[in-house]
Amino acid sequence: MVGLVLTGGGARSAYHIGVLRALAELLPRGRNPFPVIVGTSAGAVAAAVLASQAHRWRRAVAGLEDVWANFRASQVFLVDPLHMARAGLHWILSLTTGGLLLSPPKSMLDNSPLRQLLAARIEWPGIRLSVERGHLHGVALCATSYASGQSVTFFDGVEGIPEWARSQRVGRRTLLTLDHLMASVGIPLLFPAMRLGEEYFGDGAMRQLSPLSPAIHLGADRLLVLGVRARRAAGVATTRLPSDAPTPGQIFGFMLDTLFTDQIYADLEQLERMNELVRASPAAAPTLRMIETLMLAPSVDPREVAARHVEEMPGGLRALLRVVGAGDLAGSQLASYLMFEGGYTRELIELGYRDAMEARTALIAFMSGQRLPPMLTSPGVAQAT
Numbered sequence: 006m007v008g009l010v011l012t013g014g015g016a017r018s019a020y021h022i023g024v025l026r027a028l029a030e031l032l033p034r035g036r037n038p039f040p041v042i043v044g045t046s047a048g049a050v051a052a053a054v055l056a057s058q059a060h061r062w063r064r065a066v067a068g069l070e071d072v073w074a075n076f077r078a079s080q081v082f083l084v085d086p087l088h089m090a091r092a093g094l095h096w097i098l099s100l101t102t103g104g105l106l107l108s109p110p111k112s113m114l115d116n117s118p119l120r121q122l123l124a125a126r127i128e129w130p131g132i133r134l135s136v137e138r139g140h141l142h143g144v145a146l147c148a149t150s151y152a153s154g155q156s157v158t159f160f161d162g163v164e165g166i167p168e169w170a171r172s173q174r175v176g177r178r179t180l181l182t183l184d185h186l187m188a189s190v191g192i193p194l195l196f197p198a199m200r201l202g203e204e205y206f207g208d209g210a211m212r213q214l215s216p217l218s219p220a221i222h223l224g225a226d227r228l229l230v231l232g233v234r235a236r237r238a239a240g241v242a243t244t245r246l247p248s249d250a251p252t253p254g255q256i257f258g259f260m261l262d263t264l265f266t267d268q269i270y271a272d273l274e275q276l277e278r279m280n281e282l283v284r285a286s287p288a289a290a291p292t293l294r295m296i297e298t299l300m301l302a303p304s305v306d307p308r309e310v311a312a313r314h315v316e317e318m319p320g321g322l323r324a325l326l327r328v329v330g331a332g333d334l335a336g337s338q339l340a341s342y343l344m345f346e347g348g349y350t351r352e353l354i355e356l357g358y359r360d361a362m363e364a365r366t367a368l369i370a371f372m373s374g375q376r377l378p379p380m381l382t383s384p385g386v387a388q389a390t
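Residue numbers (the numbering used here): 6 to 390.
Treat the hints as calculated values from the structure; they're not laboratory data.
Possibly wrong hints are sitting among the right ones.
Said to hold, decoys possible - Cut-off 20 angstroms, straight-line C-alpha distance, at most; resulting in silico cross-link-like pairs (SDA-like, lysine to any residue): (1) K111 <-> P197; (2) K111 <-> P193; (3) K111 <-> D85; (4) K111 <-> L195; (5) K111 <-> L194; (6) K111 <-> E168; (7) K111 <-> A198; (8) K111 <-> Y151; (9) K111 <-> E204; (10) K111 <-> V329; (11) K111 <-> G139; (12) K111 <-> R200; (13) K111 <-> L83; (14) K111 <-> S150; (15) K111 <-> G154; (16) K111 <-> Q121; (17) K111 <-> A152; (18) K111 <-> T101.
Work out the full structure, taking the sequences as your base and the hints as a guide.
Below you can see the structure in the form of structure tokens.
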């Protein structure tokens, strides 16, 4: 049973759409090739769309590409000059008066346009219908509870999937809604927290120490993982002298990169160690099972792509990036996560498509159940490039 794991990554998640487009061309027509779908943060958006249209997943991929290829930042958060000026003034008054005149804003950016877009694009009853009709085994959207500090996987699926509770992570069965998705995409500080029941939730990547585990709990034994960070591109990009300290904008971009990407590589390493144990001595680990993985990640650093499209961003957003020290090439890491503009997202879609086509032999073999030879670029990370 193949599981699709869509990691978080803000605007970088356009790369996922290119890979999905290639898979729609490469794989035989028929039923949904991913009985298990798991999404976190921006990856949760594609996961919800694919799950709600699992009976026609190629059409779902085409719809995703249409949205991502024509994105505007104004469809994700309010970026007009008047709103940005009001938001800045609100922060200043709140800070200078100690919160007496105005309480602190709930977030730096207002993502109500994104909620409106998702409400119009996702057919939420379709998820349950996909499960009932056998097009989908299980789907999960991951969020983080600000109350308990736990990574919470909200899932729906066939009746035989139990809820789970592990250290700092739990799985809760529920009918998935737009509120669960808005919780998963709630990047800390940037976007507001989402209330579900008696708890507030934020971005699913924050406390997700084992990002592969939800797909395994849902029954997958082969995982196709789509990442957003180019190999050897984890640091703070800089064109300045080594003696210059990174700016707040560079540091925030570094934090987002850490938030969305580090744990997936650590979990792949851990999973590979468990696989080695099962291969070496199956009798010694009777409760463990082999989990095959294949990961695709950008062959080109998204920071380089973002640097070519900075001028496409709205003036208010460019001004904000300049204020925090992320308005030039050195700050392109933060811009690469916030640049919801068509020129940038289209280039990432094409990059994902090209990378997947170059890896088509490995992809087709993996999807058909064949065991792949080791293609390790770092311990436990299989790169199909």
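Each hint tested on the structure:
1. K111 <-> P197: holds (6 angstroms)
2. K111 <-> P193: The hint holds at about 10 angstroms.
3. K111 <-> D85: holds (19 angstroms)
4. K111 <-> L195: The given pair, whose Cα atoms are some 9 angstroms apart, holds under the 20 angstroms limit.
5. K111 <-> L194: holds (8 angstroms)
6. K111 <-> E168: violated (32 angstroms)
7. K111 <-> A198: holds (8 angstroms)
8. K111 <-> Y151: Holds, at about 14 angstroms.
9. K111 <-> E204: Between K111 and E204 the Cα gap is close to 15 angstroms, so the pair holds against 20 angstroms.
10. K111 <-> V329: holds (19 angstroms)
11. K111 <-> G139: violated (41 angstroms)
12. K111 <-> R200: At roughly 13 angstroms apart (the allowed maximum being 20 angstroms), R200 and K111 satisfy the hint.
13. K111 <-> L83: holds (14 angstroms)
14. K111 <-> S150: holds (16 angstroms)
15. K111 <-> G154: It holds: about 19 angstroms lies between the C-alpha atoms, which stays within 20 angstroms.
16. K111 <-> Q121: Holds, at roughly 19 angstroms.
17. K111 <-> A152: Judged against 20 angstroms, a Cα distance of about 16 angstroms means the pair holds.
18. K111 <-> T101: This hinted pair holds, its Cα atoms lying about 17 angstroms apart.
The structure fails hints 6 and 11 (numbered hints given earlier, in ascending order).
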